[in-house]
Amino acid sequence: MHILDLLTIFCTVSMVGTEFTVAMILNPALERLDAGTWRKTMPVLAQAMGRAMPFWYGLALLLIGVQTYLRYGGDSRWWLMTAGLLWAAGIVYSITMLVPINNRIAVGTAGVAEHKRWDGLHKWRVVLLVVATTCLLRGMV
Numbered sequence: 001m002h003i004l005d006l007l008t009i010f011c012t013v014s015m016v017g018t019e020f021t022v023a024m025i026l027n028p029a030l031e032r033l034d035a036g037t038w039r040k041t042m043p044v045l046a047q048a049m050g051r052a053m054p055f056w057y058g059l060a061l062l063l064i065g066v067q068t069y070l071r072y073g074g075d076s077r078w079w080l081m082t083a084g085l086l087w088a089a090g091i092v093y094s095i096t097m098l099v100p101i102n103n104r105i106a107v108g109t110a111g112v113a114e115h116k117r118w119d120g121l122h123k124w125r126v127v128l129l130v131v132a133t134t135c136l137l138r139g140m141v
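Residue numbers (our numbering): 1 to 141.
These are calculated hints, taken from the structure and not from any lab test.
There's no promise every hint is true.
Claimed, not checked - Ranges between beta-carbon positions, derived for each pair:
| id | residue 1 | residue 2 | range |
| --- | --- | --- | --- |
| 1 | Val107 | Gly73 | 46 to 56 Å |
| 2 | Val107 | Ile9 | 28 to 38 Å |
| 3 | Val141 | Gln47 | 16 to 26 Å |
| 4 | Phe20 | Arg138 | 17 to 27 Å |
| 5 | Val107 | Asp34 | 36 to 46 Å |
| 6 | Ala89 | Asp34 | 36 to 46 Å |
Just so it is clear, the structure is predicted and the values come from calculations on it, not from any experiment.
The beta-carbon is built from N, C-alpha and C at its ideal position, and this holds for glycine as well.
Please take these sequences and the hints and turn them into a complete structure.
Shown next, in the form of structure tokens:
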């Protein structure tokens with residue numbers, strides 16, 4: 001059980017850290033690039049993140065689900081169920097709001113204005129993931 005706990009914590013917390021870093025450090029730095037460099041850089045980053053994130057999000061949701069299943073009764077289950085629902089909401093939000101923009105960025109058809117829209121929407125996803133992870137950690141304690 002301890003290895004599963006560590007894997008769940010590592011998977012979710014590292015994802016939240018990555019998403020937070022994108023929102024607070026990477027994107028503000030990328031906005032300072034000249035237009036030509038930005039147009040070359042953004043598709044590469046969008047493609048790489050677009051390939052990795054679906055598996056990472058799915059694995060995290062699976063681990064949260066396993067944690068919820070294994071912890072019978074009490075407050076822990078409700079915290080974990082809340083974490084799972086919020087994480088699932090984050091996935092739906094990503095697919096409906098962020099992925100379409102990311103796909104246009106990845107093929108180079110989106111401009112800076114559309115990326116700024118993505119970045120604003122992304123910050124809400126980060127908030128959602130932070131709350132979900134907080135519920136997860138509370139449920140695991």
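query = When you take the CB atoms of Val141 and Gln47, is the distance between them in 16 to 26 Å?
reply = violated, 38 Å
- Task: Kindly confirm whether 36 to 46 Å is satisfied by the beta carbon distance between Val107 and Asp34.
- Result: With Cβ atoms ~21 Å apart, the hint is violated.
Range first: 28 to 38 Å. Now tell me if the beta carbons of Val107 and Ile9 are that far apart.
holds, 35 Å
17 to 27 Å as the expected CB spacing between Arg138 and Phe20, which holds or is violated
holds, 19 Å
Practice item. Indicate whether the distance between the beta carbons of Val107 and Gly73 respects the range 46 to 56 Å. Key: Check passed, 49 Å falls within 46 to 56 Å.
Fill in: Assessment of proposed distance window 36 to 46 Å (beta carbons of Ala89, Asp34)
holds, 37 Å
In summary, the numbered hints that this structure violates are 3 and 5.
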